[in-house]
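*Asks:* Heads up: the protein sequence lines correspond to chains A and B, in order.
Going letter by letter, the first sequence gives residues 7 to 405 in the numbering used here.
Going letter by letter, the second sequence gives residues 18 to 232 in the numbering used here.
Keep in mind that the hints were calculated from the coordinates and are not lab data.
One or more of the hints may lead you astray.
Claimed, not checked - In silico PhoX-like pairs for lysine-lysine, Cα to Cα no more than 20 angstroms straight-line:
id, chain 1, residue 1, chain 2, residue 2
1, A, Lys13, A, Lys310
2, B, Lys75, B, Lys161
3, A, Lys21, A, Lys310
4, B, Lys185, B, Lys161
5, A, Lys201, A, Lys156
6, B, Lys75, A, Lys395
7, A, Lys253, A, Lys270
8, B, Lys77, A, Lys323
9, A, Lys323, B, Lys75
10, B, Lys116, A, Lys13
11, A, Lys395, A, Lys310
12, A, Lys101, A, Lys220
13, A, Lys13, A, Lys323
14, A, Lys395, B, Lys77
15, A, Lys87, A, Lys253
As the list claims (entries may be wrong) - Ranges of calculated distance between the beta carbons of each label pair, as one might list FRET restraints:
id, chain 1, residue 1, chain 2, residue 2, range
16, A, Leu376, B, Arg115, 26 to 34 angstroms
17, A, Tyr8, B, Gly60, 36 to 44 angstroms
18, A, Leu376, B, Gly112, 28 to 36 angstroms
19, B, Gly136, A, Tyr8, 17 to 25 angstroms
20, B, Glu189, A, Lys13, 33 to 41 angstroms
21, B, Gly192, A, Met338, 43 to 51 angstroms
22, B, Gly130, A, Lys13, 23 to 31 angstroms
23, B, Gly66, A, Met338, 44 to 52 angstroms
24, A, Trp368, B, Gln111, 39 to 47 angstroms
25, B, Gln111, A, Glu353, 34 to 42 angstroms
26, A, Asp262, B, Arg115, 51 to 59 angstroms
27, B, Gly130, A, Lys21, 27 to 35 angstroms
28, B, Arg115, A, Glu353, 40 to 48 angstroms
29, B, Gly112, A, Asp281, 54 to 62 angstroms
The C-beta atom is built at its ideal place from N, Cα and C for all residues, glycine as well.
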Amino acid sequence: MYRIAIKMLWGDRAKFLGLLFGIAFTAFLVTFALAYFAGFMTRGFALVSENPSADIWVMDPAVHSTEMTVDISESAPLRIKSIEGVRYAVPLSIKDIDVRFPNGHFQTFQMIGVDDATLAGTPRLTNGDPVTLLHIPGAVIADPGGTEGKLQTPRYRQDQWPRDGAHLHVPMRRLQPGDELLINDRRVVVAGLSKTIPRFPPRPLLFTTYSNLKRLLPSESRYLTFVLVSAQPGVNTEELSRTISEKTGLRARTADEFKADTVKWYLVNSEDVGDMTAMLILAMTVGFGVTGIMLYMFTYENLKQYAVLKAIGTSAKTLLGMIFVQAAVSAMLGAGLGIGMCALTGEGIMASGLDYPFRLMWFAPIIGMLGVLIVSLTAAAISVRPVLKLEPGIVFSAR
Amino acid sequence: MHALRGVDLDVYRAELMMIVGPSGCGKTTFVSIVSALMEPDGGVCEVFGHDVPHLSEKAKTLFRRYDIGFVFQAFNLLPALTAQENVAVPLLVQGIARKEAMKRAAEALVSVGQSDRHGALPSQLSGGQKQRVAIARAMVHRPKLIICDEPTSNLDHATGHMVMELLKNLTEKSGTTLIVVTHDNRIFDFADRIAHMDDGRILNVEIIHPKKRNP
Chain A
7 MYRIAIKMLW GDRAKFLGLL FGIAFTAFLV TFALAYFAGF MTRGFALVSE NPSADIWVMD
67 PAVHSTEMTV DISESAPLRI KSIEGVRYAV PLSIKDIDVR FPNGHFQTFQ MIGVDDATLA
127 GTPRLTNGDP VTLLHIPGAV IADPGGTEGK LQTPRYRQDQ WPRDGAHLHV PMRRLQPGDE
187 LLINDRRVVV AGLSKTIPRF PPRPLLFTTY SNLKRLLPSE SRYLTFVLVS AQPGVNTEEL
247 SRTISEKTGL RARTADEFKA DTVKWYLVNS EDVGDMTAML ILAMTVGFGV TGIMLYMFTY
307 ENLKQYAVLK AIGTSAKTLL GMIFVQAAVS AMLGAGLGIG MCALTGEGIM ASGLDYPFRL
367 MWFAPIIGML GVLIVSLTAA AISVRPVLKL EPGIVFSAR
Chain B
18 MHALRGVDLD VYRAELMMIV GPSGCGKTTF VSIVSALMEP DGGVCEVFGH DVPHLSEKAK
78 TLFRRYDIGF VFQAFNLLPA LTAQENVAVP LLVQGIARKE AMKRAAEALV SVGQSDRHGA
138 LPSQLSGGQK QRVAIARAMV HRPKLIICDE PTSNLDHATG HMVMELLKNL TEKSGTTLIV
198 VTHDNRIFDF ADRIAHMDDG RILNVEIIHP KKRNP
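Could you put together the complete structure from these sequences and hints?
*Replies:* Next comes the structure, spelled out in structure tokens:
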């Protein structure tokens, strides 16, 4: 009988394709929204991702994300290095600074001070130059960090460092190696440009050495935001992070734990995430609503056929099973199509080089599939009522 | 308001009983009660020893599954299934394996002269062909009673005549009882008896072809 149910489903091609399209669209919408959300969250912990050599991140006990930080004592790396199992521990500093461009325009950047010796976490330069250029005094690497048009400097020499006031509305060009910027009344030179993982929220970045950052911001009492720890081979990083926490009183998290902490922090604290979640819920509600209604209508329009089956002696249990099989088959086929379309769209986005926060993680297709399946089965459960209440005597009507 | 009032009728085994009367006289209500598709407010309706109105829902389902076959005015073939699959449905409902059901459905189609249309969808069949397939579906599980609701009203005279001949042969060969609800006076001659109904009552029962009675 379940074969008949599937044939009934497939028999009315137009209705079935409409239903399939509705379900596929919903699955696409839900999966895409989740991939979009995951993409943003990935950008949220971009700082952790671009430091793959750091097994453990050590920070102030109150810090739970890369977004909101407070600095710790300069002595922390030395204390951490003395712990057994630590291969090396390097400093990383994060500061929000106002950078003045040669025409007087200013822009807030996130400045990242990396370890002078290892330059760990420095992104590759787009022109292929070595990152060791950062060892030049006053050198910085500029990165758009997911922004558009923020790295603009005056095109003409007469508009650079003018003596007659700011030249704000003048022709601009993209920042290039060799250009100068002003940070805290100190000139720095752009050693190169990079294109690292875009940030959430988007913000332009300046990479420099830890010592250079301290030189540029002399008024700060503390500079050290994180200590990046590499564990010795064979050492369990979870255990090592617990040991570091116990011995230093600082918060030590493995890279994966810190990524998860950052995502949780965004979920709880970011208003942008709240807005995105609201949009996601709206999209899911509309999609699920459409799917449910279409499935209900499909069953409702086939009532006469169910009445015939009921008259012939099909039990209520079998009819129920038939409706649920139809719903499950539609849901799985539709969800498969929708998730496939989503994956292809993601591939297309990546192939086109668009700077779009798309990351199809393992849970997105599962949630998309489960969501559609639950809605479809719920719709089936609702549409079962008219079938069970059906008066099989309607089979005697002439239409 | 009552659709049926004081209906009193015996139908005999292997008999072709026609129920005739104007629209709204209660013919369909009568066969709906006989086939356990509707419950009467009162009275007795005994079919093959079953007190039909007092059967449980499960027993009614089993009664229809094994003892009753239906032929509808609008054919009511499942549009997504082929003729053979449509005929096999009552057997599949009984839990008979698909292979066996399809084999018996093919035989039933042969018996109604539709062996060459087994793969056709209902939309590809003429009205007469659809009704023959519907008859095959009604008889494939060898029910004791077949209820036909206006089986010829959507057919032209010649096709209607053929359909009735088929049904008549069926009762004679298999001993199946047939109750035919109809308006169509051109087919009255096929009946063994005709019950004339009006206003929810049976006015009289006319004997067309006297038969040995075995209720």
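*Asks:* Can the restraint linking A/Lys87 and A/Lys253 be considered satisfied, given a maximum Cα separation of 20 angstroms?
*Replies:* 11 angstroms, holds
*Asks:* Are the Cα positions of A/Lys323 and B/Lys75 separated by 20 angstroms at most?
*Replies:* 11 angstroms, holds
*Asks:* Given the hinted pair B/Lys185 and B/Lys161, is their Cα-Cα distance within 20 angstroms?
*Replies:* OK: B/Lys185 and B/Lys161 at ~14 angstroms, within 20 angstroms.
*Asks:* Has the hinted range 40 to 48 angstroms been met by the Cβ atoms of B/Arg115 and A/Glu353?
*Replies:* Holds - the Cβ-Cβ distance for B/Arg115 and A/Glu353, about 42 angstroms, lies within 40 to 48 angstroms.
*Asks:* Taking only the CA atoms, is the gap from A/Lys253 to A/Lys270 under or equal to 20 angstroms?
*Replies:* 26 angstroms, violated
*Asks:* Holds or violated: the 54 to 62 angstroms window for the beta-carbon distance between B/Gly112 and A/Asp281?
*Replies:* Because 56 angstroms falls inside the window, the suggested range holds.
*Asks:* Does the structure keep B/Lys75 and B/Lys161 at a Cα separation of 20 angstroms or less?
*Replies:* Answer holds: B/Lys75 to B/Lys161 is near 19 angstroms, not above 20 angstroms.
*Asks:* Holds or violated: are the alpha carbons of B/Lys75 and A/Lys395 at most 20 angstroms from each other?
*Replies:* 15 angstroms, holds
*Asks:* Using the C-beta atoms of B/Glu189 and A/Lys13, is the stated range 33 to 41 angstroms upheld?
*Replies:* 35 angstroms Cβ-Cβ, so the 33 to 41 angstroms window holds.
*Asks:* When you check the alpha-carbon spacing of A/Lys13 and A/Lys310, does it fall within 20 angstroms?
*Replies:* Answer holds: A/Lys13 to A/Lys310 is near 16 angstroms, not above 20 angstroms.
*Asks:* Hinted pair, alpha-carbon criterion (20 angstroms max): A/Lys201, A/Lys156. Please report holds or violated.
*Replies:* Holds, at about 13 angstroms.
*Asks:* Straight-line Cα separation of A/Lys101 and A/Lys220 no greater than 20 angstroms?
*Replies:* 10 angstroms, holds
Violation of the numbered hints given earlier is confined to hints 7 and 25; the remaining hints are satisfied by the structure.
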